[in-house]
Amino acid sequence: MMKKLDRNQMAARVARDIPEGSYVNLGIGLPTLVAEHLPKGREIILHSENGVLGVGPKPAPGREDEDLINAGKEPVTLLAGGAFFHHADSFAMIRGRHLDFAVLGAFQVSVAGDLANWHTGGADAIPAVGGAMDLAMGAKKVLVMMEHLTKQGESKIVERCSYPLTGARCVNRVYTDLAIIDVKPDGLHVVEMVEGLAFEELQRLTGVPLKRLATAA
Amino acid sequence: MIDKTFASAEAALADIADGATIMIGGFGNAGMPAALIDALIAQGARDLTIVNNNAGNADGGLAALIAAKRVRKILCSFPRQTDSWHFDRAYRAGEIQLELVPQGTLAERIRAAGAGIGALYTPTAFGTLLAEGKETRRIGDRDYVLEYPIHADYALIKADRADRWGNLVYRKTGRNFAPIMASAARCTVVQVREIVELGALDPEVIVTPGIFVKRVVRIGSSLRKAA
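As you go down the protein sequences, you meet chains A and B in turn. Here the working numbering is used: the first residue of the first sequence is 1, the next is one more, and so on. Here the working numbering is used: the first residue of the second sequence is 218, the next is one more, and so on.
Chain B on its own, in the form it takes in the complex (with noise of 0.2 Å):
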């Protein structure tokens, strides 16, 4: 019997490894996986490469993350913010590297690496700061900027629902880049709200399908919503 799901963060968490790439769902509060990322923090592994939007916010999340010295690397579009004050010290102190790279090309690397693609040209960035050593390649009337994928040992995502076999529902704008990390990760672990009987997600409406899946976690729900 396939079972993905796991009795804690914890133990869904035990045998990432110093020095791995982590992808880390989440936009904002919207589809973070908390409970993931502070048994990470808990787990101890350090040197890690982090792939985020953003590079965390306050104190909690991510940001406690960085804030552990846990992080050597990350990759995001939106690292300045009103209250990212974790990464703005250690950027200034020279003890973490940052890869800026626009949202949209961030999640199309992503979504490449999930789908075996090799490289992929886009528009974006070209003629700019962000374009600059990179190779570019003029196709039709448009200049585009050749950018490869984005790999991950682990995704760390959260999902509003999931079944034994993994697969996923979101909910809202939570959704965000977790189906695309899902896919560029070799261990995707999700924490999802609620487990549910299998065939109990309308299979017209899964989002993401178990196969991009390894381990489920259920946390519950501490979320703030409209009722």
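Chain A extracted, bound-state conformation (with noise of 0.2 Å):
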């Protein structure tokens, strides 16, 4: 019996392998819960694409400060050695390629890497892009953190994104509640699967190709 990751244990799972010293932006939901999981004693530093460098865990209840909020507009603390600058400096640290990670959601990955996680496309639906495009086209790396599969059961890594893009060819891994799997020139790579999943199950789940690294559990 395969034991699928809850939330939680993703977010561990992402946390697992952010090396100290990394810059590191987490994008809104899902992945925001990855800063309650990195290892203590790492220091790893949290941007926030609203002008800060340096996020802390949340504030205690009674201490928030209105002027102190993450991207997802939730009250944050600010870490010592914490800084704060403009939009057009924020985003410079994010398209001028210095943030080392950035994890995102996302709603399809397709097999060329290509990210679709801001918009349905549906004709009664009101686009909204937020940072997602600039920290899709600039981060150095970029992890999506996603379930494997659809509510339907359909596979969200996809041969062509059906979704309208965030950014073309710009993810370099994705961990779901499945597996981790690589995006390469030459195709998906798995890299570990959850306890109890075979192999040649996950790529019928997955529906497009996958390549077994030789290490893969």
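Quick caveat, the hints were computed from the structure, so don't treat them as lab data. Certain hints may be false.
As the list claims (entries may be wrong) - Just some of the chain A residues that point at chain B, by a computed CB distance under 7 Å: (1) L5; (2) N8; (3) A128; (4) G131; (5) V158; (6) C161; (7) S162.
Claimed, not checked - Listed next, the in silico BS3-like pairs over lysine-lysine satisfying Cα-Cα at most 30 Å (straight line): (8) K351/B to K140/A; (9) K290/B to K73/A; (10) K286/B to K73/A; (11) K351/B to K141/A; (12) K184/A to K151/A; (13) K151/A to K40/A; (14) K184/A to K73/A; (15) K156/A to K140/A.
Remember, it's a predicted structure, so these values are computed and weren't measured experimentally. Cβ coordinates follow ideal geometry from the N, Cα and C atoms, glycine included.
Hints are included, so try docking the two chains, each in its own frame, into the full complex.
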């Protein structure tokens, strides 16, 4: 029986791969959870695109400050050594390839590493993009965190994205509740699978061709 | 003697005409110049083009300006939120035009206007819907999209402290778009918590030098903040 990862287990798995000294932007939603799982004692500097480096944990109740929020507009704190800056500087850090990692949620990722995460394309949908396109094109490494399958059981890893793109050929690695998959020029490489999941079953669920790393468990 | 201070928000916004392009600082409530937006609503100018990261939250501020049907067009990166009902209604009714701009491109187009740059190439949005119909160019091994500066008639921003020359310091993430909007508008109006004597602001930490600022109004603070 395969053991799917829950949201916290997924966040902990991503957090484990972020090395000491990294500058990291965590997208709104599931990626924000990664902050709570960063190994204690590892110095990692979180960037928030509204103008903070050194984002700290949530404030204690009653200690919120309306002027100290993250990109998800949630109250945060500032670590010692943290800094504030304006939006053009903040996006210079992103677009100028200074951020080591962006961790983003997704609707779909394609075999080529195309990312779709901002717009369903529905006729009645009001589009909103925020900083997603800048992060997708700017960060040195783009890590995607998402459930492997939609609620209808369709793979979110696809041959071509059917939703409008956030960025083309920008995703480096995908963390799902079933596997970790690297996007490489020659295709998708499975790096890790959850306990009890056979490669053949992952291949069947995913639909697009996967390569199996010799070291994959 | 140079004195950029105005007695009231009403006086500082009295000359805004119908059809003006107005940048409004703030990201969520942080840095939102609420008193200036209230004064703009009372002032009555209509047919406005607004530049802000969002399209209003709940019923106050920019949302109230939209609800009052005073906004013809908005340039922003993230209009749709759980509490953007006034924008959502106006958009679905066809009463308001939306130019959706990626957040970093919005910031850089504003910065470019303030810096006198004629246009810029950005890798952001290449190959996406938001680059459709735009000129693109391959430079080195990357593809870029040509984007033009955003100029404004007015910028309404919030700072923490100012002096009578218009030098500004901000508070935490309240800074967000304010410094670049101040440079991109013909007339920048600032709401501040406190006006201090010339020389009281450390010149090493002034974020926006007074050359970018025309009018300063002291509003005080009703902010919830940690002690």
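Satisfaction of hint between K140/A and K156/A, Cα-Cα up to 30 Å: 23 Å, holds
Are the Cα positions of K184/A and K151/A separated by 30 Å at most? With a Cα-Cα distance of about 27 Å, the restraint between K184/A and K151/A holds, given a limit of 30 Å.
Hinted pair, alpha-carbon criterion (30 Å max): K184/A, K73/A. Please report holds or violated. 35 Å, violated
Checking hints one by one. Is S162/A an interface residue toward chain B, by the C-beta closer than 7 Å rule? 13 Å, violated
With a cut-off of 30 Å on the C-alpha distance, tell me whether K286/B and K73/A pass. 26 Å, holds
Per the CB criterion, is C161/A less than 7 Å away from chain B? 11 Å, violated
CA of K290/B to CA of K73/A, is that 30 Å or under? 24 Å, holds
Identify whether the interface hint at N8/A stands, where standing means a beta carbon of chain B within less than 7 Å of its own. 24 Å, violated
For the hint on A128/A, just tell me whether its beta-carbon gets within less than 7 Å of chain B. Status holds, d = 4 Å.
Sort out whether K40/A lies within 30 Å of K151/A, counting only the CA atoms. 34 Å, violated
Interface hint status, G131/A versus chain B (Cβ within 7 Å): 4 Å, holds
Would the hint on V158/A be counted as holding, given a Cβ-Cβ threshold of 7 Å to chain B? At about 16 Å, which exceeds the 7 Å cut-off, the nearest Cβ of chain B leaves the hint on V158/A violated.
The structure is inconsistent with the numbered hints 1, 2, 5, 6, 7, 13, 14, although it conforms to all the rest.
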